[in-house]
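Number of protein chains: 2
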Amino acid sequence: MELLLLSNSTSDDGYLVHALEAIRELADGRQDALFVPFAGVTRDWDDYTAQVRDALAPIGISVRGLHREADARAAIGSASLVIVGGGNTFRLLKCLREQQLLAPLAERLRAGGGPEGLRYVGWSAGSVITSPTIRTTNDMPIVDPGGLDSLGLMPFQFNCHYFNLVVPGFRGETRDQRLAEFTVLSPEMSVLGLPEGDWVRVSGTRWTLHGEHAARWFLGERTIDIAAGALEMPR
Amino acid sequence: MELLLLSNSTSDDGYLVHALEAIRELADGRQDALFVPFAGVTRDWDDYTAQVRDALAPIGISVRGLHREADARAAIGSASLVIVGGGNTFRLLKCLREQQLLAPLAERLRAGGGPEGLRYVGWSAGSVITSPTIRTTNDMPIVDPGGLDSLGLMPFQFNCHYFNLVVPGFRGETRDQRLAEFTVLSPEMSVLGLPEGDWVRVSGTRWTLHGEHAARWFLGERTIDIAAGALEMPR
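Residue numbers (the working numbering), protein chains in the order written: chain A, 1 to 235; chain B, 1 to 235.
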């Protein structure tokens, strides 16, 4: 598998600018990307696709939207580069499930990203769905996705936009409290809290964490902060 | 129906202290409360029940935990006051659904809260589940609740701990953006953003908003801020 999994899309320098070099490396010469805009809710899918198209033009990658394909399964079957944007994870999963795209996408990615193989870029919701389930999304369950299981490419859960902020006057749960609730009920499953601006590059069985901010593993009652570099699941 | 639906349980003065008078009024002489601790995840259900018991002792209400009842359905069937605490809304809904308590609870509450009738106090997750679904919860979907539909006592959705904070450096969605995603996909359904410290008292067909902070209705593309007083759904 060849995956690039970003925490988020925006940066101070502009949309996807912080990740352009990483996307170019992942693409490895591929120039035609299939964009999945299904996580977008308050934005038009054509507009969302155009935004990504504009962002990737400087690195010579053209972008077409999956929602405009007459046969979505065929489009997934023949693509060489799939890009899955963020938004609402429940909406994304619902659309992929309803169109029966989860299994074909996972199957092609697991088959490997060699010269003829499919490669994958995701951010936010697009990263979360590579986990076994979406049970560590931050998003509101605005639609019923028909089950929380997702692509299951990675053996751990992503939590994107990770930070643990205590907001004065707010009496709800902090992010760490929410993730602790997850690990109490699923003590065997690791969660990677991926801060804004960071990403994980998956190449075969090798995982590498990139970015300025320490990420945080959650496993059972433990948390482990890790810096950029080779990434291994805690045991 | 006689319901008291709080945004949250904690206050600067102590646990549930801000709501004691409202709970006393709602109870209307009832002295034996059945507490539903199922939303608690990182806390022991006995401890959670004890915390609520201690909090309500000053107003002469004794509290027993539903999780200690041999026959939960029978306990719901004979209770005169049910209190549903906050925590994780998905966990709460999953437990209620698995134990087949949703329909009996809703049925008794709809039958009315007269002298022989059941009355209800909820906060946070315990308020959210009185909505048609839990699709406007802030909680993480740490377990699969087997569907998002809930008690459906109220004709609108609650969003508790409501605030719309823009956190510097955070590139995820604000609360208003999340709720806008909901209303885009469900334009016919109103959402009430209930700030910390506020509550809604439901008495038959009369609803009253209490608390210091303006609440916010979300309906389609509109938002409407409302002060304490008689509450009506926007049209």
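The set of hints was computed from the structure by calculation and includes no laboratory data.
Keep in mind that the hints are not guaranteed to be accurate.
[Unchecked claim] What the simulated footprint calls covered on chain A by chain B, stretch by stretch (three residues with Cβ under 8 angstroms from a Cβ of chain B suffice, anywhere in the stretch; the number is not a length):
{"no.": "1", "stretch": "140-147"}
{"no.": "2", "stretch": "184-191"}
{"no.": "3", "stretch": "207-213"}
Just so we're clear, the structure is a prediction, and the values are computed from it rather than from any experiment.
Ideal Cβ placement from N, Cα and C applies to all residues, glycine included.
Quick rundown of the hints versus the structure:
Figure legend: the stretch 140-147 of chain A, annotated as covered by chain B; annotation consistent (6 residues with Cβ-Cβ distances under 8 angstroms, at least 3 required). A stretch counts as covered by a chain when three or more of its residues have a beta carbon under 8 angstroms from one of that chain; for the stretch 184-191 of chain A and chain B the count is 3, and the coverage holds. Using a Cβ-Cβ cut-off of 8 angstroms, 0 residues of the stretch 207-213 of chain A lie near chain B, which falls short of the minimum of three, so the contact claim is violated.
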